[in-house]
Amino acid sequence: MRDRDLNILIGGEAGQGLVTVGQILSKSLVRKGYSIVVTQSYQSRIRGGHNSFAIRVGVDEVIAPRKSVDLLVALNGDTVIQHRDHLSPEGLVILDDSFGLSGDSFLKVPFSELSEKRFSNTVAIGVAGAIIGLDENLMAGTLDYYFGKKGASLVEKNRDALVRAVKWATENSISGFMLPDFSNPPRRLMMNGNEAISLGALTSGLRFCAFYPMTPSTSIVLNLAGHAERAGIIVEQAEDEIAAINMAVGASFAGAPSMVATSGGGFALMVEGVSLAAMTETPIVIVVAQRPGPATGLPTRTEQADLEFVLHSGHGEFPRAIFSPGTIEECFHLTRRAFELAERYQGPVFLLTDQFLADSYRAVTPFGIDQLSSIRAGEQASETSNYARYAITENGISPRLLPGMTEHLVVADSDEHTEEGHITEDLTMRKRMVEKRRRKERGMRSEVVPPDLVGEEDADLLLLSWGSSKGAVTEAASLMRSDGLNASTLHFSQIWPLVPENFMDILRQAEKVICIESNATGQFARLIRRETGFNIEEKVLRYDGLPLTPEYILREMNR
Amino acid sequence: MVTIDDYGKYETAWCPGCGNFSISEAVKKALVERQLAPHQVLFVSGIGQAAKAPHYLNTNLFNGLHGRSLPVATGVKLANPGLTVLVESGDGCNYGEGGNHLLAVIRRNVDLTLLVHNNQVYGLTKGQASPTSAGGFVTKAQPLGVPSEPFNPIAVAVAMRAGFVARAFSGRIEHLSEMIQQGIAHRGFALIDVLQPCVSFNKVNTFAWYDKRCYALPHDYEPDDWESAMKVACEWGDKIPIGVIYRNNRPSFESHFNVLKDGPLVSRKVDKTRLKDIMKAYG
Ligand SMILES: Cc1ncc(C[n+]2csc(CCOP(=O)(O)OP(=O)(O)O)c2C)c(N)n1
Ligand code: SF4
Ligand SMILES: [Mg+2]
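As you go down the protein sequences, you meet chains Z and F in turn. Following our numbering, the numbering of the first sequence begins with 1 at its first residue and continues without gaps. Following our numbering, the numbering of the second sequence begins with 1 at its first residue and continues without gaps.
Don't read these hints as lab results, they were simulated from the structure. Glycine included, every Cβ here is placed at the ideal spot set by N, Cα and C. Misleading hints may appear alongside valid ones.
Residues on chain F that point at chain Z, a partial pick, calculated with CB under 7 Å [said to hold, decoys possible]:
| no. | residue |
| --- | --- |
| 1 | Phe62 |
| 2 | Met160 |
| 3 | Leu217 |
| 4 | Tyr221 |
| 5 | Arg268 |
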């Protein structure tokens, strides 16, 4: 155990149920009050292969994944071979004695004596849980949460296996992994980035979501679909991504706040629809959960290589906002902000996340639902008798009525149009409409989320980052500071529009700036240069499909 | 009382003699016959000469992208089932660019009326072949004649047991208007394929060509009988049947959503009690 945190990795093949093992341990830890960061690594297959679910758990807040493993829970022999080298010096491997593997730090558990084979995952939970000090009742409660619906006899058998596993682990008194106890545990929720996005959307007033399945975005819509009846929303699986975004635009035009979620390839198909939302001035929230490309790429891994794609998506010129959440809380709150902005500025607003954040479970403080406002689509009445959907205004925002909700007629057009929404080739009108749409960007700029500075303003070393790497970069800088270095971080959770006044002083004052991104070419650094002229030469880049970790960042910087 | 004047008079960008004028007239007649006020109706269209039609009508309109009017209309209808939604666009738009959406909307059976102005050619882009152009049809893009077989929208829709499948001809305004009225009245998806002469780019399938061939299905024709409908759907050549070719009473897509039983999605408020309940799952 390092300081006050512990890294547990559960490994096995697809179809073995390791995610359930991971979730049950994670939820038990969160219920006890610990902080967690989960990193899921899986292959694009349904059975076999090698998958892992890593839980970094801390008494204090943990914010990033860690590579070295303290407790390796091996559901198959391959896991031992794959992760052995990542074991920390005092680390322990928990494995089934039937694997026939031996080693110094191996805890061989007689799985077959403790339970029937189909409950061996519960044995793994019980042994690992007992070793880190999780109470048997707490784990039993979490087991019930996951298996409760499957019937009393199954719950009973799982419990039996758990009791035997805990007893076995206690008798074998393994020490050194016990997490400190809590007197006043904080109440926390466990959720991953995709769940937080879907909940943010629901609290905002989302009514319609259309999608075509694509990892790693799918769990956003699955989560919404699971709550659809209770929340009073419709989630529709479209025939393709083109249909998905067009349906969402249609629903939003009619007055149902709408969202689509996809990944790079699916988003490529949606792009004409982005332009449509902009031209028709229809609010829409678009989630792009990145995975490595080009083309099908690595479907289940992580990357931040679609920044330029999303920023430039859609033909023609129009305003947009792009949020890049760095934490689960930001997934929730920035989704809400995306809905507000889409509604206020009547156009496309993006959330750019990635597989790492999408699947990363964390402990979050419950969101105070009572205090959260929600949006109301459109205006309820028009002040003028001759209503014009695209009336030219000072701030570029035209009054948006909903078709059929008043006697006024609402006309929207993807062609260039008059104020009334009718197709036109009057080139003077064209120019006025371009300018009207562009004026909306002024408003968007006035309310951007400024980048987050941690550390001194005049740093010797400034680490620049955006999106899901927030925790890893923050932790790397904090480790450098404890080594006596004056290191700071500047993290962007909104990457468009960029407002240089918000950060140029910090960039200029820093002795040295390094941009840290999960891509091969440094897209964000390039964007900063394009927008400000400030050239960031040094970069730490990662594009092997795995998330940035503090260890990776420090190692690359010391090269 | 809704009158034809409520739907306005507009200047159009169409060629004199184009079949689109008659289709627009029939649409107005149908809306007035059904006593639908302009604000109760919403048109969705794509891009093409046909897709401009709703601009010449005083009503709600979403004129979207080429080929994408059906998904937009589906979204609109789910958000506000109270609106009478019509989709109006060309053969290229619906059978070419948006072909996948046509299959999906038939499967879903969304309560929409789709009017396809089928001139068997791409009008707006000046005369390339469309999915319904006859084999051998010569254009500047297909100088040796179209090498593919034409798409038969009626046969596909009947084969998929679409809720309401009809064919009409722009030259028979009364009949066309009657088809549109029935399409609107039908609770579910209604496809109305409207044969429409394009005087500028289709010199083969002219007004006279259609007029000579189109015949109204006899009064005793039973559109509920799928097998005979399938036969009629495949008729094309010297004689072309017009009228309601197939009809059934499948429940509409919207009727499957319990959520809509509490009213339309639009302007519904967030229910915080339910949200708190949902949040419990994460505790
Ligand atoms: C994505 C896209 N591709 C191509 C076009 C160009 N385009 C506009 S209309 C059209 C074909 C129109 O044919 P049809 O739908 O039959 O309508 P018509 O003009 O014959 O009424 C094409 C190819 C476009 N607007 N958008
Ligand atoms: S090009 Fe053909 S379809 Fe278009 S308006 Fe002229 S005649 Fe009609
Ligand atoms: Mg055509």
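To see whether the hints hold, each was checked on the structure:
1. Phe62: Holds, because the Cβ-Cβ distance from Phe62 (chain F) to chain Z comes to roughly 5 Å (cut-off 7 Å).
2. Met160: violated (13 Å)
3. Leu217: violated (31 Å)
4. Tyr221: violated (32 Å)
5. Arg268: Because about 6 Å separates Arg268 (chain F) from the closest Cβ in chain Z, which is inside the 7 Å limit, the hint holds.
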